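> Sequence:
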Amino acid sequence: MEKQVRIRVPATSANCGPGFDSLGLACTLYNYATYTITATPGLELEVQGEGRDFLTADRRNLAINSFYKGWNAATGGERVGLRLSLENNIPLSRGLGSSSSAIVAGLYAANCLAGNTLSQEQLLALATEIEGHPDNVAPALYGGLTISYTAEGAPHSLRLLPAKPLKFIAVVPASPLSTSLARQAIPATVPHEDAVFNTARASLLVGALLSGQYQYLAEGLEDRLHQPYRAKLIPGLAEVWEAARQQGAYNAIISGAGSTVMAYAPWEADHEAIGRAMQEAFARQGEKAVYHVLDLDKEGVQAL
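So for the sequence shown, my numbering puts the first residue at 1; every next one is plus one.
Simulated from the structure, these hints should not be mistaken for lab results.
This one's a predicted model, so the numbers in the text were calculated from it and none came from an experiment.
Quick reminder that beta carbons are idealized off the backbone N, C-alpha and C, glycines included.
There could be a bad hint or two in this list.
[Unchecked claim] Result set (DSSO-like, lysine-lysine): computed pairs, CA atoms no more than 27 Å apart in a straight line:
| hint | residue 1 | residue 2 |
| --- | --- | --- |
| 1 | K298 | K164 |
| 2 | K298 | K167 |
| 3 | K167 | K288 |
| 4 | K69 | K3 |
| 5 | K232 | K288 |
[As the list claims (entries may be wrong)] If you anchor each label on the Cβ, the simulated ranges turn out as follows:
| hint | residue 1 | residue 2 | range |
| --- | --- | --- | --- |
| 6 | G207 | A238 | 48 to 58 Å |
| 7 | A39 | P165 | 40 to 50 Å |
| 8 | G77 | K232 | 41 to 51 Å |
| 9 | G286 | Y229 | 17 to 27 Å |
| 10 | L304 | G42 | 18 to 28 Å |
| 11 | E46 | P165 | 33 to 43 Å |
| 12 | E280 | P187 | 30 to 40 Å |
| 13 | R245 | G286 | 14 to 24 Å |
| 14 | Q215 | K288 | 26 to 36 Å |
| 15 | A188 | S211 | 33 to 43 Å |
| 16 | A238 | P165 | 22 to 32 Å |
| 17 | Q246 | P176 | 21 to 31 Å |
Assemble the whole structure, with the sequences as input and the hints as a guide.
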């Protein structure tokens, strides 16, 4: 007998400026996936939206690979076929957690169809094993703002909610940026003063969000660990950031590894004006871009 579940999973933005490989948040841009297990072995795939021209029905597809990893963990390896329908709205290779969304969707769907035998902690561990680090998969699982870390080889995540609403303006350039290339741009060591700078800024960012004292976000979003080194990979980045601030954003950051640039803005700001100004700054560099005005997703992955 066939069993089916429909999954919604949010986009995520990792690092959040100074929180390199540790901070992440979920936002209200979603992928949808319908997983159907069948008694007949085999894989079927239908894709709408992002990735429709090259995603394939095999284990190289993260949405499929993660499903079977979760299914095997939950059932001990019961053999089933899979029919998968994807509606992808999260841009690929743009720093908005497209790979994490596929991983979390597959694991969560498998757990639902197997009777929810795996805990959230087990799902986080499996997702981190596939992704390599938890800063994107944690907010996709839990929603909100997450602080992720590893202790004794196991990933853990603390979920938080800001004291007051914020808006996030994600400006997505047409040009992708590979995570591996972005990681290669970061030096193996950094000056001690830069490490201290980031410790202070990450602490200030979390404190500002939890206390609602958002006047500290301008400096709390500053970073010296990864953004200065990745800036050369995103032409016009400084101008895009300045355009966001000039239109009333607290500040802007590289989302994940890029190429998306995300502004953090007051609830009452003109968010469309911020998005247009950032878009125009990219256009002056010859780069087309689109923007999305987003809220914080508080739920994480859901079975609909």
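> Compare the structure with each hint and give your call.
Quick rundown of the hints versus the structure:
1. Of the pairs offered as hints, the one joining K298 and K164 holds, with about 13 Å between alpha carbons and a cut-off of 27 Å not exceeded.
2. A hinted pair counts as satisfied when its Cα atoms are at most 27 Å apart, and K298 with K167 qualifies at roughly 13 Å.
3. Annotation: proposed proximity of K167 to K288 holds, straight-line Cα distance about 22 Å (limit 27 Å).
4. Taken as a hint, the K69 and K3 pair is honoured in the structure, with Cα atoms around 18 Å apart against an allowance of 27 Å.
5. At roughly 17 Å between alpha-carbon atoms, K232 and K288 fall within 27 Å of each other, so this suggested pair holds.
6. Distance hint check for G207 and A238: the Cβ-Cβ separation is about 26 Å, which falls outside the suggested range of 48 to 58 Å.
7. Separation of A39 from P165 is about 47 Å and conforms to the stated range, judged on CB atoms against 40 to 50 Å.
8. Checked against the hint of 41 to 51 Å, the pair G77 and K232 passes, with Cβ atoms roughly 47 Å apart.
9. G286 and Y229 have their C-beta atoms about 23 Å apart, which keeps the hinted 17 to 27 Å range intact.
10. Between L304 and G42 the CB atoms are about 25 Å apart, so this pair conforms to the stated range of 18 to 28 Å.
11. Restraint check, E46 to P165: a C-beta distance of roughly 36 Å satisfies the suggested window 33 to 43 Å.
12. At roughly 32 Å, the beta carbons of E280 and P187 sit within the given window of 30 to 40 Å.
13. Between R245 and G286, the C-beta spacing of about 22 Å keeps the proposed range 14 to 24 Å intact.
14. Hint check: Q215 to K288, Cβ distance near 34 Å, so the stated range 26 to 36 Å holds.
15. At roughly 35 Å, the beta-carbon separation of A188 and S211 lies within the given 33 to 43 Å, and the hint holds.
16. At roughly 28 Å, the beta-carbon separation of A238 and P165 lies within the given 22 to 32 Å, and the hint holds.
17. Range check, Q246 to P176: Cβ separation about 27 Å, and the 21 to 31 Å hint holds.
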